[in-house]
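A.B. asks: Dock chain E against the given chain C, drawing on the hints supplied.
Here's the letter readout for the chains.
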Amino acid sequence: MIGAADCLFGIAYTIYFLASIAYGANLFAKGTDWSLAAWALAVAGWLAHTGALALLGLGKHHAPFTTFFESVSFMSWSVVLAYLLVDRRGKAPALGAFALPLAFLTIFVASTQPSYGADPLVTRDHSLKIHIAMSLLGYGSLALAFCAAVAYLVQERRLKRKRLGLLSRLISLDEADNLANSLAAVGFALLTLGLITGFIFAYRDWRGLWALDPKVVTSLAGWAVYAAYLYAHNVKGWRGRKTMFLLVVGFCVVVAGFVGVNVAGVGRHVYRPGAFGGDGL
Amino acid sequence: MFVAVVGLNHKTSPLHVRERLAFPTPARVAAALTAVCGRPGVLEAAILSTCNRTELYACLADESCAELDAFLHHTYGNREGLDAHLYHKMGDEAAHHLMRVAAGLDSMILGEGQVLGQVRAAMQMAEEAGTAGRVISALFRHALAAGKRVRAETQIGRGAVSVSAAAVELAREIFGHLSGRSALIVGAGETGELTVRLLAEQGVSSIIVANRTLCRAHALANSLGGSAVNFDGLEDAMASADIVVSSTAATHAVIHKDQVQRVMRRRHQRPIFIIDIAVPRDVEPDVGRLENVFLYDIDDLQAMVQRSLSGREKEAARAEAIVREELEEFVAWRRGMAVGPVLSNLQRRLEEIRQAELAKVERRLAHLSPKDRELLDLLTKGIVKRILKEPIRQLKARADDEEGEQYLRAVRHLFALDGMREELQCENGPDSEPDAMECTESPLPISCPPRNGREACT
Numbered sequence: 167m168i169g170a171a172d173c174l175f176g177i178a179y180t181i182y183f184l185a186s187i188a189y190g191a192n193l194f195a196k197g198t199d200w201s202l203a204a205w206a207l208a209v210a211g212w213l214a215h216t217g218a219l220a221l222l223g224l225g226k227h228h229a230p231f232t233t234f235f236e237s238v239s240f241m242s243w244s245v246v247l248a249y250l251l252v253d254r255r256g257k258a259p260a261l262g263a264f265a266l267p268l269a270f271l272t273i274f275v276a277s278t279q280p281s282y283g284a285d286p287l288v289t290r291d292h293s294l295k296i297h298i299a300m301s302l303l304g305y306g307s308l309a310l311a312f313c314a315a316v317a318y319l320v321q322e323r324r325l326k327r328k329r330l331g332l333l334s335r336l337i338s339l340d341e342a343d344n345l346a347n348s349l350a351a352v353g354f355a356l357l358t359l360g361l362i363t364g365f366i367f368a369y370r371d372w373r374g375l376w377a378l379d380p381k382v383v384t385s386l387a388g389w390a391v392y393a394a395y396l397y398a399h400n401v402k403g404w405r406g407r408k409t410m411f412l413l414v415v416g417f418c419v420v421v422a423g424f425v426g427v428n429v430a431g432v433g434r435h436v437y438r439p440g441a442f443g444g445d446g447l
Numbered sequence: 036m037f038v039a040v041v042g043l044n045h046k047t048s049p050l051h052v053r054e055r056l057a058f059p060t061p062a063r064v065a066a067a068l069t070a071v072c073g074r075p076g077v078l079e080a081a082i083l084s085t086c087n088r089t090e091l092y093a094c095l096a097d098e099s100c101a102e103l104d105a106f107l108h109h110t111y112g113n114r115e116g117l118d119a120h121l122y123h124k125m126g127d128e129a130a131h132h133l134m135r136v137a138a139g140l141d142s143m144i145l146g147e148g149q150v151l152g153q154v155r156a157a158m159q160m161a162e163e164a165g166t167a168g169r170v171i172s173a174l175f176r177h178a179l180a181a182g183k184r185v186r187a188e189t190q191i192g193r194g195a196v197s198v199s200a201a202a203v204e205l206a207r208e209i210f211g212h213l214s215g216r217s218a219l220i221v222g223a224g225e226t227g228e229l230t231v232r233l234l235a236e237q238g239v240s241s242i243i244v245a246n247r248t249l250c251r252a253h254a255l256a257n258s259l260g261g262s263a264v265n266f267d268g269l270e271d272a273m274a275s276a277d278i279v280v281s282s283t284a285a286t287h288a289v290i291h292k293d294q295v296q297r298v299m300r301r302r303h304q305r306p307i308f309i310i311d312i313a314v315p316r317d318v319e320p321d322v323g324r325l326e327n328v329f330l331y332d333i334d335d336l337q338a339m340v341q342r343s344l345s346g347r348e349k350e351a352a353r354a355e356a357i358v359r360e361e362l363e364e365f366v367a368w369r370r371g372m373a374v375g376p377v378l379s380n381l382q383r384r385l386e387e388i389r390q391a392e393l394a395k396v397e398r399r400l401a402h403l404s405p406k407d408r409e410l411l412d413l414l415t416k417g418i419v420k421r422i423l424k425e426p427i428r429q430l431k432a433r434a435d436d437e438e439g440e441q442y443l444r445a446v447r448h449l450f451a452l453d454g455m456r457e458e459l460q461c462e463n464g465p466d467s468e469p470d471a472m473e474c475t476e477s478p479l480p481i482s483c484p485p486r487n488g489r490e491a492c493t
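Chains as they are written, first to last, in this note's numbering: chain C, 167 to 447; chain E, 36 to 493.
Be aware that a few hints might be false.
Stated by the list, open to error - Within a straight-line C-alpha distance of at most 27 angstroms, the following computed DSS-like cross-link-like pairs (lysine-lysine) qualify:
1) E:K349 to E:K183
2) C:K295 to C:K226
3) C:K328 to C:K257
4) C:K328 to E:K349
5) E:K349 to C:K196
6) E:K292 to C:K408
7) C:K257 to E:K183
8) E:K431 to E:K420
9) E:K395 to E:K406
10) E:K183 to C:K196
11) E:K424 to E:K395
12) C:K328 to C:K196
13) C:K295 to C:K381
14) C:K257 to C:K196
15) E:K431 to E:K416
16) E:K292 to C:K328
17) C:K196 to C:K326
18) E:K124 to E:K183
19) C:K326 to C:K402
20) C:K326 to C:K257
21) C:K326 to E:K292
22) E:K292 to C:K402
23) E:K406 to E:K416
Unchecked claim - Take a look, some chain E residues computed to stay more than 12 angstroms from chain C by CB distance:
24) P61
25) D118
26) A119
27) M125
28) E162
29) L249
30) K292
31) L403
32) S404
33) L414
Since the hints were derived computationally from the structure, they do not count as laboratory data. Note that the Cβ used here is the ideal one computed from N, Cα and C, for glycine as well.
Looking at chain C on its own, in the form it has when it is part of the complex (with noise of 0.2 angstroms):
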């Protein structure tokens, strides 16, 4: 079974690439529209990888993210399902061209890296387990904002510059707008989910000073740039390029955290076997 799932990732992985140069061909092309093929593909990747975590997560009968490798592969099928989500109808191509090369991309960047297996008590603790997928669910919806933001602040620069030529199917900036405050907003949420369920866990069974851990305060950081987002966004009704920069330095905040502490290797937050249960600090 843990071939098959292999397998299929494999396939998934690979549509995703094609997808990716679908989606550039589309947004850099002035003739041909292959939005319709790049969304059909990146519907045809997501079920593949949809295939895969399921006969990962039968196979070895835990949750598909107790490694590092398990837990990006998990955020960019995140991803690519909230850009599906938003984009039912393969009417938005041009968050595809960001959205789809950014799931490619860190399944490609973490499979370089050693992958280790985490703590046990992940495949164990269910208060755990809701605790990692509240948050990768978020980090993905989060990604797609990130995208959003970066599609805005693209097409900003093209009007102000007056560069019209080039990308002219690029998204309009109140829909990227729109996108990205909805997508911030659910985010934001499963974020919030994600901490109180992880506050819980470590009220419970960890002793010491856990607000400190690393990734602990990089995620606090990052709610904080969200929050501070939706009010001026959506309390404030503030617009523009700024709010997009929050969406932006946010979503960094929250990939050093989640990246930061693995390659650094330090806190609990990390990849390791004894990891979550331990004392350390």
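C.D. replies: Okay, now just chain E, sitting in the frame of chain C:
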């Protein structure tokens, strides 16, 4: 059958000539079609009349446009003033011309799409008037197909080709769809008004007119269905508008940087699109540096127009290639259509010969039994059939190329088939004499038009 077009367009004639030869209403077109088909030798006709061209397409019995000219002279009122502006195209050249027209390749603005609808309308009007027969219908069908393919397969219709269209295109890049957006027009310049009208067509719902004198603002606001303010209310209006179109005749800037800065704070930095189409400019250039302000002046918009025009020119070669493909299809259809009647006439000619020869020896064969006579009949029929078998196969096989066309002509001459058409196709006409003469020239199965003279050559 000869397809011909006689007409004039924006390149060959000035407006005052075109307007005298225009057929602006369907009723006028229908009357003209009936009149032109009443002329001798005109079998089918269609009229394409737009503001840039008036073209009379016809299927003629012979290779002369004299009747079409005469009709146009009559419509125009005199001969001398018109002839210098008219162009005449015959046969495949005429078909090629219509296809280029439908594809927007002959338009004033290269690749414009409206003409395709006008070609379709011309065909429908001719069909309704009963003057579009097989040939004209097929010609227009092929032209429409060419036009549609060119629009679908090339970029020739893309990009804004006027300043106001460029403004609308930019507004779409900022706001996506424009329905429910608000526009503010500053000053009462003509291009400004045109741009706002175009924006309104795209769904912009709320329009405010700001002018130095409130009275003129009211007049324009009434015609646009919006509200009016004077320059004191400009900042308030800007705070709520998504798109600002400025086209005053002022000699100095009307919209200043500090003003827009205040407006942007009030808008919470919500993006604003300012189109300055006035010369000298109405908006201080520094305004464009402010964050979330997108300022475009007349030069920017004209550069966009220029870019899309040169883009269209690049696409024209591809469009021409598509037109040529469709023309080949039409030519193949025309050739194929010419084969049928020649073959049936050929068979008929040989049958006549067979019967005539049998009749000659009739007396000397009197001693034959009916059974033997039947056998003789079958034998001679078999010989004729055998002789014709290969030529017919060859003619059919080469129906759609040029060689086939030459074969067909040769067969017509060798067997004197053209003379036959008179008795073949005009035999049912009550008074076939004059029309029969017109029919004789045509290699196509053209039955003689009924007496009202407006029936198409089906």
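A.B. asks: Take the hints in turn and mark each one as holding or not.
C.D. replies: Hints versus structure:
no., hint, verdict
1, E:K349 to E:K183, "holds (18 angstroms)"
2, C:K295 to C:K226, "holds (15 angstroms)"
3, C:K328 to C:K257, "holds (25 angstroms)"
4, C:K328 to E:K349, "holds (22 angstroms)"
5, E:K349 to C:K196, "holds (13 angstroms)"
6, E:K292 to C:K408, "holds (20 angstroms)"
7, C:K257 to E:K183, "holds (24 angstroms)"
8, E:K431 to E:K420, "holds (16 angstroms)"
9, E:K395 to E:K406, "holds (19 angstroms)"
10, E:K183 to C:K196, "holds (19 angstroms)"
11, E:K424 to E:K395, "holds (26 angstroms)"
12, C:K328 to C:K196, "holds (18 angstroms)"
13, C:K295 to C:K381, "holds (17 angstroms)"
14, C:K257 to C:K196, "holds (17 angstroms)"
15, E:K431 to E:K416, "holds (21 angstroms)"
16, E:K292 to C:K328, "holds (20 angstroms)"
17, C:K196 to C:K326, "holds (21 angstroms)"
18, E:K124 to E:K183, "holds (23 angstroms)"
19, C:K326 to C:K402, "holds (25 angstroms)"
20, C:K326 to C:K257, "holds (25 angstroms)"
21, C:K326 to E:K292, "holds (16 angstroms)"
22, E:K292 to C:K402, "holds (24 angstroms)"
23, E:K406 to E:K416, "holds (15 angstroms)"
24, P61, "holds (36 angstroms)"
25, D118, "holds (44 angstroms)"
26, A119, "holds (42 angstroms)"
27, M125, "holds (36 angstroms)"
28, E162, "holds (34 angstroms)"
29, L249, "holds (31 angstroms)"
30, K292, "holds (16 angstroms)"
31, L403, "holds (75 angstroms)"
32, S404, "holds (77 angstroms)"
33, L414, "holds (64 angstroms)"
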